[in-house]
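Visitor: As they're listed, the protein sequences go chains A and B. Residue 482, in my numbering, is where the first sequence stops; the numbers in between run on with no holes. Residue 255, in my numbering, is where the second sequence stops; the numbers in between run on with no holes.
Incorrect hints may have been included.
[What the hints assert, rightly or not] Distance condition first, Cα-Cα at most 27 Å in a straight line; then the derived DSS-like pairs of lysine-lysine:
#1 Lys125(B) x Lys100(B)
#2 Lys44(A) x Lys57(A)
#3 Lys459(A) x Lys100(B)
#4 Lys471(A) x Lys278(A)
#5 Lys455(A) x Lys471(A)
#6 Lys129(B) x Lys100(B)
#7 Lys125(B) x Lys455(A)
#8 Lys182(B) x Lys129(B)
#9 Lys100(B) x Lys471(A)
#10 Lys347(A) x Lys459(A)
#11 Lys100(B) x Lys455(A)
#12 Lys412(A) x Lys455(A)
Calculated from the structure, these hints are not laboratory results.
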Amino acid sequence: MASSTVKLDELISQEYKHGFFTSVETDTVPRGLSEDVIRLISAKKGEPDFLLEWRLKAYRHWLTMAEPHWATVHHPAIDYQDITYYSAPKSRQDGPKSLDEVDPELLRTYEKLGVPLEERALLAGVAVDAVFDSVSVATTFKDKLAGLGIIFCSFSEAVREHPELVRQYLGSVVPYTDNFFASLNSAVFSDGSFCYIPPGVRCPMELSTYFRINARNTGQFERTLIIADKGAYVSYLEGCTAPMRDENQLHAAVVELIALEDAQIKYATVQNWYPGDKEGHGGIYNFVTKRGDCRGANSKISWTQVETGSAITWKYPSVILQGDNAVGEFYSVALTNHYQQADTGTKMIHLGKNTRSTILSKGISAGHGSNAYRGLVKVAKSAVGARNYTQCDSLLLGDRCAAHTFPYIEVKNPTARVEHEASTSRIGEDQLFYCQSRGIAPEDAVSMIVSGFCKEVFKELPMEFAVEAQKLLGVSLEGSIG
Amino acid sequence: MLDIRNLHVSINDKPILRGIDLTVRAGEVHAIMGPNGSGKSTLAHVLAGHEGYTVTAGEVRYLGRNLLELSPELRAREGIFLAFQYPVEIPGVANIYLLKAAVNALRQHRGEPELDAVDFLALVKDKLKLMGMDTDLLYRSVNEGFSGGEKKRNEILQMAVLEPRLALLDETDSGLDIDALKVVAGGVNAMRSPERAMVLVTHYQRLLNYIVPDQVHVLAQGRIALSGGRELALELENRGYGWVEAAAGPAGGGA
Ligand SMILES: Nc1ncnc2c1ncn2[C@@H]1O[C@H](COP(=O)(O)OP(=O)(O)OP(=O)(O)O)[C@@H](O)[C@H]1O
Ligand SMILES: [Mg+2]
Numbered sequence: 001m002a003s004s005t006v007k008l009d010e011l012i013s014q015e016y017k018h019g020f021f022t023s024v025e026t027d028t029v030p031r032g033l034s035e036d037v038i039r040l041i042s043a044k045k046g047e048p049d050f051l052l053e054w055r056l057k058a059y060r061h062w063l064t065m066a067e068p069h070w071a072t073v074h075h076p077a078i079d080y081q082d083i084t085y086y087s088a089p090k091s092r093q094d095g096p097k098s099l100d101e102v103d104p105e106l107l108r109t110y111e112k113l114g115v116p117l118e119e120r121a122l123l124a125g126v127a128v129d130a131v132f133d134s135v136s137v138a139t140t141f142k143d144k145l146a147g148l149g150i151i152f153c154s155f156s157e158a159v160r161e162h163p164e165l166v167r168q169y170l171g172s173v174v175p176y177t178d179n180f181f182a183s184l185n186s187a188v189f190s191d192g193s194f195c196y197i198p199p200g201v202r203c204p205m206e207l208s209t210y211f212r213i214n215a216r217n218t219g220q221f222e223r224t225l226i227i228a229d230k231g232a233y234v235s236y237l238e239g240c241t242a243p244m245r246d247e248n249q250l251h252a253a254v255v256e257l258i259a260l261e262d263a264q265i266k267y268a269t270v271q272n273w274y275p276g277d278k279e280g281h282g283g284i285y286n287f288v289t290k291r292g293d294c295r296g297a298n299s300k301i302s303w304t305q306v307e308t309g310s311a312i313t314w315k316y317p318s319v320i321l322q323g324d325n326a327v328g329e330f331y332s333v334a335l336t337n338h339y340q341q342a343d344t345g346t347k348m349i350h351l352g353k354n355t356r357s358t359i360l361s362k363g364i365s366a367g368h369g370s371n372a373y374r375g376l377v378k379v380a381k382s383a384v385g386a387r388n389y390t391q392c393d394s395l396l397l398g399d400r401c402a403a404h405t406f407p408y409i410e411v412k413n414p415t416a417r418v419e420h421e422a423s424t425s426r427i428g429e430d431q432l433f434y435c436q437s438r439g440i441a442p443e444d445a446v447s448m449i450v451s452g453f454c455k456e457v458f459k460e461l462p463m464e465f466a467v468e469a470q471k472l473l474g475v476s477l478e479g480s481i482g
Numbered sequence: 001m002l003d004i005r006n007l008h009v010s011i012n013d014k015p016i017l018r019g020i021d022l023t024v025r026a027g028e029v030h031a032i033m034g035p036n037g038s039g040k041s042t043l044a045h046v047l048a049g050h051e052g053y054t055v056t057a058g059e060v061r062y063l064g065r066n067l068l069e070l071s072p073e074l075r076a077r078e079g080i081f082l083a084f085q086y087p088v089e090i091p092g093v094a095n096i097y098l099l100k101a102a103v104n105a106l107r108q109h110r111g112e113p114e115l116d117a118v119d120f121l122a123l124v125k126d127k128l129k130l131m132g133m134d135t136d137l138l139y140r141s142v143n144e145g146f147s148g149g150e151k152k153r154n155e156i157l158q159m160a161v162l163e164p165r166l167a168l169l170d171e172t173d174s175g176l177d178i179d180a181l182k183v184v185a186g187g188v189n190a191m192r193s194p195e196r197a198m199v200l201v202t203h204y205q206r207l208l209n210y211i212v213p214d215q216v217h218v219l220a221q222g223r224i225a226l227s228g229g230r231e232l233a234l235e236l237e238n239r240g241y242g243w244v245e246a247a248a249g250p251a252g253g254g255a
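Work out the full structure: start from the sequences and follow the hints.
Guide: Given below as structure tokens:
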């Protein structure tokens, strides 16, 4: 057994393939946080007063809050005064109009990551809004989308061009008082993506954003706002990966989705930020608030996530089911290896009549990884006939990792039906040997078993993303279980 | 094809095999019998490369190479196949998917292109019929919820698809009903060829009515205590193992 444990370890210890550092000049605000820094950020971005006021209110509220510690994650104290809250690629303040204007160094970086921008954009028909550090540097397919009345742009641009929409919806799902990290984000967010689909319009392509953390000591505070107006449909993809580095980096994004009557939003994420090294040093702290609001009747919001990166992941993409007959879905694969920690899950808040939600969570732990599913299903008194189905499966690789499940259920309406199923299984040496005895290498056997475990979630991803996700799991797991 | 010399194997410092000598030539079928716990499965696992066993002495040559230095998957790619006494369940992985990964791993090793989906399916369906198996077993998770007999048939199906040079069948007949035994034996017999060797571990001479072996060996207390022809199996069935064990000497004793 001892020898096979060693082998298992070797398999798990795959180096992070996206660990490299790009030397693009950045324009950085001094470290630390104060009202002055917030005013400076707001001024640099030429924001209207309402937004500055909102940031300041968020900051003042944040000062009254304490960092939460209820998640089953552990990390050294974060010094919020040692973080740089804003950095933008230099001499690109207006953003390039086309790919030709993008720093070639940056394009090479994307290529190393296997995301050849132009190729992806052209071949897959995907509109890519690439975020480098905090400012959008490339936006494509905008004209085609604009023809349909779709607005898809950086958050900063939305603030400039469509302040009324931003003002109407910003903070309407995740208020600046929501939680410690959301308040911090509200105070200092630098950029992100904005998307508005007008009534009755079906967005003809997958919208996609690639995030990347790069500048030293720069916390990332992305803000994403997606609005599907009545009867609209949009599928949005978010994918990220980060270069290798020593220091822990805080990432506290906020994503707000709003679906009005009969509208549908599908939001998919593949998250592969630097997870730290084999001993657990470095890596990204990913403390994200993602929430969707099914505001209108018959609306639908689906979250699909594949989480393989970050040292610590703390996120609960949630859906507030306000409209009658609204549908919320959460499909998740979360993988932790080495010393990674993940505390993730969802909240389904049933308010409207006959609202339905489905939760399918697949947790994979390897090495010393720790993986917790935390889910809340809440059925309010008003939610007559609400239904929820939750399935929560854990897969363990090796015997030093951990999986926890914390399902919270609060039902205030007697007509509601809430079902919960859970399972835990382990990839055993005997399964590996069985595959090996059929000629299959242990790494391949591991990814075969893991893919099998995840296939119900991958089914929910757009095709090309599913392939990417599968590859990612393979890379993240090389060494975990064969 | 296979040459085992003075093979000693322990598990957690406990000696299980204590000097096995066995030669199997291409085209031959050998049966290994012996009481429970005598080390038959241990031998099969060691030949397939299971890492839970420690070889403390001896050597094994396969097609002229030192078999013991090869990883289990390399052994499989070089043509060794083990039909497990207890086939392993792999939830979430479709049976056909494992089979395809295995076929392509072997083909890649031989420098052949991967089989496309159509050719692969034709190949599998053909063998499936031979084994009298239902197509839906292909799409279920590997061995999960399979009956005992279905698991054993599935092992032989894999063997038929992978076409090994040396097949080790560990109690493939156990748990099969009479009809299934005939089907499985038919499948095995169909694969007998001058280039292929087989080692059958069994407790029942009945199997040997259908698959007639060239040699029968009795494993007792970690050694081959007796070898003979087909008739040895009949004698064992009549007399039990006691007399062989007595002749082999006390357990744990020297040579
Ligand atoms: N992992 C293990 N740890 C300790 N002892 C083991 C282990 N595996 C096998 N053994 C022992 O090794 C001996 C040989 O076992 P093996 O499975 O090879 O017997 P067998 O001849 O195949 O028996 P059967 O006819 O019952 O299948 C047995 O005494 C068994 O208990
Ligand atoms: Mg046995």
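Visitor: Each of the hints needs a verdict: does it hold here or not?
Guide: Here is what the structure says about each hint:
1. Of the pairs offered as hints, the one joining Lys125(B) and Lys100(B) holds, with about 13 Å between alpha carbons and a cut-off of 27 Å not exceeded.
2. Simply put, Lys44(A) and Lys57(A) have alpha-carbon atoms about 19 Å apart, close enough for the 27 Å limit, and the pair holds.
3. Of the supplied pair hints, the one linking Lys459(A) and Lys100(B) holds, its CA atoms being roughly 21 Å apart against a limit of 27 Å.
4. About 20 Å separates the Cα atoms of Lys471(A) and Lys278(A), which keeps this hinted pair within 27 Å; it holds.
5. The hinted pair formed by Lys455(A) and Lys471(A) meets the criterion: a straight-line CA distance of about 13 Å does not exceed 27 Å.
6. For the suggested pair Lys129(B) and Lys100(B), the alpha carbons sit about 17 Å apart, so the restraint of at most 27 Å is met.
7. Distance check on the hinted pair: Lys125(B) and Lys455(A) sit about 25 Å apart at the alpha-carbon level, within 27 Å; holds.
8. For a cut-off of 27 Å, the pair hint linking Lys182(B) to Lys129(B) stands: about 14 Å separates their Cα positions.
9. For the hint pairing Lys100(B) with Lys471(A), the CA-to-CA distance comes to about 19 Å; that is within 27 Å, so the pair holds.
10. Restraint check for Lys347(A) and Lys459(A): the C-alpha separation of about 22 Å stays at or below 27 Å, so the hint holds.
11. In summary, the hint linking Lys100(B) to Lys455(A) is supported, as the alpha carbons are separated by about 17 Å, within the 27 Å threshold.
12. Between Lys412(A) and Lys455(A), the direct Cα distance comes to roughly 34 Å. Violation of the 27 Å bound is thereby established for this hinted pair.
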